[in-house]
Structure formats: C-alpha cells, structure tokens
Amino acid sequence: TQLLEQSPQFLSIQEGENLTVYCNSSSVFSSLQWYRQEPGEGPVLLVTVVTGGEVKKLKRLTFQFGDARKDSSLHITAAQTGDTGLYLCAGARETSGSRLTFGEGTQLTVNP
Amino acid sequence: DAGVTQSPTHLIKTRGQQVTLRCSPKSGHDTVSWYQQALGQGPQFIFQYYEEEERQRGNFPDRFSGHQFPNYSSELNVNALLLGDSALYLCASTAGGKGHAPAKNIQYFGAGTRLSVL
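Sequences listed follow chains Y and Z, in order.
FYI, the working numbering numbers position 93 of the first sequence as 543, with every residue one higher than the one before it.
FYI, the working numbering numbers position 52 of the second sequence as 1082, with every residue one higher than the one before it.
FYI, nobody ran anything at the bench for these hints, they're computed from the structure.
For every residue, glycine included, the Cβ atom is placed at its ideal position computed from N, Cα and C.
Just some of the chain Y residues that point at chain Z, by a computed CB distance under 8 Å:
| no. | residue |
| --- | --- |
| 1 | SER481 |
| 2 | GLU491 |
| 3 | GLY492 |
| 4 | PRO493 |
| 5 | LEU495 |
| 6 | THR498 |
| 7 | LEU538 |
| 8 | ALA542 |
| 9 | SER546 |
| 10 | SER548 |
| 11 | ARG549 |
| 12 | LEU550 |
| 13 | PHE552 |
| 14 | GLY553 |
| 15 | GLU554 |
| 16 | GLY555 |
Pulled out of the complex, with its shape left as it was, chain Z reads as follows (with noise of 0.2 Å):
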C-alpha cells in the first residue's frame, strides 16, 4: 500500500519563475492537502482539495495555487517566486469523503519537497 508521494524531492528556482509541485495521495484516500513549512517552524496550512475543488485555503496570496485531477493526485503551483518561499512542501492526504470522524480526518505527510528560491 502506497503512502503520500511527491516530486520532485528537491527543487532550485530563481526570484520570479513558477514552480509546479506534485502529489499522489494514500490509496483509498480522496482529499489532499498542502502544507508549507519554513525551517525550524511548525506546517502552515495553504489549501485543500476535495473533488476537484478548493475546499478550504490558509493565510495564503493568491500566487499560490493548486489543482486535483480525477484521480485524486494533486499539483500546487508557485507564481513570481519570492526568497522567502524557500520552504519544505508537505501534502498530506485523508479520506475525508468516506468513513466516519475521527478517523477520516487523520492525515498521512508525504516526505515533502524541498524548495530553495535563490
């Protein structure tokens, strides 16, 4: 049973350009959910998808946006890059249409990905 992926494990970009971020969620689970996290801090919640659609949104600009295919697999894409979006990209999935709270609600981190703005 696969876990959370993403790709890429790292990545190195230039003040301005966009990055894409990939996600495939844990089998069986539908809703995916994006977390930045600066070093020496705690996850900052950015979104969540949940059929296809931006179910909730964190303290975020709009630079930050994100999409879910049919699949369940999700992207979250970075527009005119800024150094202080050098962080550690979590996604995390639940299965958060099915099965009852509390244990739908649980979520499952990918490794991340490491983003560093130059």
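Excised from the complex, chain Y in its bound form (with noise of 0.2 Å):
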C-alpha cells in the first residue's frame, strides 16, 4: 500500500503553461517535503511545509499543505524548460522521526 499517491505520473506540456501535481494520502504528516530530481542526481529539497494550511512560494512554484496535513499541492506557473524534472513528495509522521515516505514521483517535461 502506497502511503501517498502522487498524480499525474507523467505531464508533458508545453513552455508557458501552468500545472499542478497533487499528494494525497489517508495518513497525516507531521511535515511534507518536496524534492526535484534530475537524472544521475539525488532528490533536491525545495520546500517543507509543516502546518495545515500553509503555503509557501518559491519564485513561480506555489506549494500547500492541506488543512488536514494529509495532502498536498505544487502548483507551477508559466513554465519553463529548466523546470523539466521528476517532482517527489515525501512525509514525515509524528511517529517516524525523519523517516521520509516518498510519493511515486511526477515526471514533468517542458517543451520548448
């Protein structure tokens, strides 16, 4: 059982447009990471969000935290082909310490 479920697998758009990849999960993190990982490289932390609620903005990339602390979002506007990556979500449970579980991933490729 996959304890969170990342959506979509795979997105393919074109450079200027905006998407969102979603984390959902039945389970309530203490904190929700998420990662950008380019081939040959380790996952690279992009933000941690930790109260129900919150969002955070890096540049043009918007993360939430659900209400619940169950879910969670990124949304990217006007996309860029830089931006071409495979996006991770992965939480941290009260009971786990730093334990990470990790979503499936989302494979974003930008077209110029």
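From the two separate chains plus the hints, produce the assembled complex.
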C-alpha cells in the first residue's frame, strides 16, 4: 500500500503553461517535503511545509499543505524548460522522526 | 561546506555477490538514512543510523545491513545480491540529534550509487 499517492505520474506540457501536481494520503504527516530530482542525481529539497493550510512560494512554484495535513499540491506558473525533472513529495510522520515516505513521483517534461 | 557524498557512483555486480556502499553526511549532521530507488519509482526507506546504531528499519530483508562510524559516516552492505537489487541507492543526512524540529528532520540527499546486478 502506497501511503502517498502522487498524480499525475507523467506530465508533458509546453513552455509557458501552468500545471499542478497533487500528493494525497489518508495518513496525517507532521511535515511534508517536495523534492526535484534530475537524472543521475539525488533529490534536491525545494520546500518543507509543516502547518495545516500553509502556503509557500518559491518564485514560480507555489506549495500548499492541506488543512488536515494529509495532502499537498505543487503549482508551477508559466513553466520553463528548466523545470523539467522528477518531482517527489515525501512525508514525515510524528512517530517516525525524520524517516520519509515518498510518493511515486511526477515526471514533468516542459517542451520549448 | 561539503554536502552528502557517496561512493562509488556506479557499480556492477553479479548475482550472489556482496556489495558495500559508502556515505559521508553533510557537515554538522549526525544521522544517516539509506533509501533504495528503483527506476521510475520514489525512494524506499531502508534504515537509519544514529549514534552508531540502527534506529529505524524499513521493509527490507536481513541481506541489507549497515554501519555507522564515530565520524558519522555510514556504510550499506547488501549480501547475496539479486537482480531485483539493481537500483539507485541514496544516502540522506539530518541533524537529527541536534537542533529542533522541523529543521532537524530535513533530509539532504547525496547523488546516489547506481548499482547494477547482472
């Protein structure tokens, strides 16, 4: 059973378009992290959200943590080719310390 | 400030062999976690080391073992390799024993070791 369901699994869009990636769970997380991973490299942390309803912005990226801390979304405005990569959400639970449970990832391709 | 470093970057082994992967945590970090990432999937937690002891373990067989040294570096050992062990093995470090949540639980990843089992 996958604790974190991420959708869509694949996304191919044109430069300039907007997109949203979703991360859903039936479990409550104490924090949720979003990572971006490029081929041959490890995941790079984009943001950590810890408060229900929290919204964080990182340039053209907007991250939201659900009120109940069970889900999260990543919205990218005016996507650029440099946004291409694998986006991963990962949750930490109260009882698990820093151990992360990852979603399956969303492979984003932004075409010129 | 060096980040998390892993070695080797690539490794090819045959079924039944044993392998050792190495990780040096980010400066100031004392907790190391290992993850396995199969192609096209998200990372899966293997285990975590703190104060030279295994603190948590995921759903992996005993063929997977580890060690943490006094300088906080860590090794992942896999015995009796299977074809299905082919994956990217990621090491992540946190300042788990120091500081306050949530900052102390933020994990920083190395570039990984790509293991191919033939």
